[in-house]
Amino acid sequence: MFGIDIAKVFELFKYDRHDKLFFGSSFFFFLFLGLILFLFLSKNDKRLRWALLINFSFFFYYKAIGYLPFVLLGSAIINYLFGKQLLKDTSSKVKQFWLAGGVLFNIGALGYYKYSNFFMQVAADLQHQPFEASALLIPMGISYFTFKALSYLFDIYYGSIEEHYTFSDFLLYLVFFPAVMLGPIDKARDFLPQVNKDYSMNKSQVGRGIFLISIGLIKKYVFADYLYTNLVARVLDSPERFTGVEIVLAVYAAAIQLYLDFSGYTDIGIGIACLMGFELTENFNFPYKAKSVAEFWRRWHKSLSGWLQEYLFTPLQMSMRNLKLFGNIIAIFITFVLCGIWHGASYNFLIWGALHAFFMAFSLGIKKPKEALYKAVKFDRVVKTKLWGVVQVIFTFHLILLAWVFFETPNLEAVEKVYTQIRDFFKPGVFAQFVSVYPILIFLMIAGYILCFTPRFIYDKLESIMQKLPLVVQAEILAVVIWLVTQFRFADMLPPQYFNY
Amino acid sequence: MISDRFKQAVLKELKLDDFDIKDETLANQVPGWDSLNHINVIVAIEKEFKVRFKSIEVLKCKNLGDLQKLVDSKISK
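Residue numbers (numbering that gives the first Met the number 0), protein chains in the order written: chain Z, 0 to 500; chain P, 0 to 76.
Isolated chain Z (complex conformation) (with noise of 0.2 angstroms):
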């Protein structure tokens, strides 16, 4: 009667890899609207609430990637089989044995499928040899759901969870969709709670989603995807074609596209759990305001952070307390160069990681000595003021922007480009022509840069103002930034640049 052609509205579900699905897509909206409408439905029936809830998000992964989730669904299976042998009531060399197994197993799936290509080229590479990567599918993903698996198994082993959850709640943590490729990486403890939880939902929480939505939407496919396509990834990928100053640019337009694109991708997903009644750990609290790398590494990617410092770094400082001062910086290490290798498998990750461990050990090392120093020279009332607070976090920005161009680069060769350039061909006059050429890229810089450091309570404002609107008013917030969000996007939508990590 309305002239639908059936098969076209097949193929719409179809994977198409011209058309993913990502959260910014309209044809998401049209379905998570569907989703929303069912789960309301469905309130007083856990099961049917489960059911949609888990098929949706094996959906999305497979509308976003193509294939469907085998080793993530394989990965279920034999950690909550791990997962019962803790919880049986068993001495703890027993405990010990299942969590080693565990551990082994999940790291050695992580190492197989992400790390096989990279510890064959460190062989090669040792030897002189050369080297060609063999083509083995990565499971996307693999990195955030293992972490989680690893989080439901410590939590057990360490009596933070003492509940038998059914292997569907298991499951739905793993692949739940608003966090199955991205994270944030909850802790088992915090998410698997609220599985059981009745379904509720107030306009306060809807307000709450709808505000994350939004501004992760402007973050992500407003101001991300167009400064990495026009100019970090076009500049930074072959540096040797470029003038100092526009690697100067890239390099600058990197750090606040690498926050945007990733917190805006986590804001949009947090948002979504939260329309679903989901609450989702925060993942970023304005990570560039930070005084020290130290603190940095508590507000960005704080799940991840959050996961590192609990289930590895404190445990490893706890072994080697011996060592003192010595202990603590071997942790520091251990723990940031496997945080580098997590993002990715690549000597330019490894030496990402390294750098921040050199920053904090360094950092740790000589706290002593510069706080007698301070006080031998009353310097200790000046570094109490706003004004140094200030310096601190130029100073640690920078530290940080020097490391982020071995994360930016795609190879070591590249690293070594940028910094040549810049002492080579640094010629201050391109300033003004790029001023004048692109100034849409300048004034998205400038606008990324005062999101970056926005006060903190604007933001929390902002939230409450749009929790008090009415339903309605809230609705057409989200539909005008859809709109200017697809409006502004000049080209295909990017999948976030941590997807390949």
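By construction, these hints were calculated from the structure, which means they are not laboratory data.
Positions of the beta carbon are idealized from the N, C-alpha and C atoms, including for glycine.
Chain Z is faced by these chain P residues, among others (derived, beta-carbon under 10 angstroms):
no., residue
1, D33
2, L35
3, I38
Cut-off 30 angstroms, straight-line C-alpha distance, at most; resulting in silico cross-link-like pairs (DSS-like, lysine-lysine):
no., chain 1, residue 1, chain 2, residue 2
4, P, K11, Z, K383
5, P, K59, Z, K94
6, P, K6, Z, K369
7, P, K14, P, K53
8, P, K46, Z, K323
9, Z, K113, Z, K94
10, Z, K92, P, K59
11, Z, K323, P, K59
Following the hints, position chain P against chain Z.
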């Protein structure tokens, strides 16, 4: 309940004049008790009470009340 001796050991290590430590206080709520300093506070408590914790015992503590109970259990042995 947090004993005065426990509280003083924490305050001394973190160079704090005073801070209200309760059973439910979390480590990261105490000024200066961050992830890097964590081990120094644990070692200071071990020294003060002349006890030795196992890693897992400390990792299982959810708050400072749990840590105080751990100290108490070690002393009473």
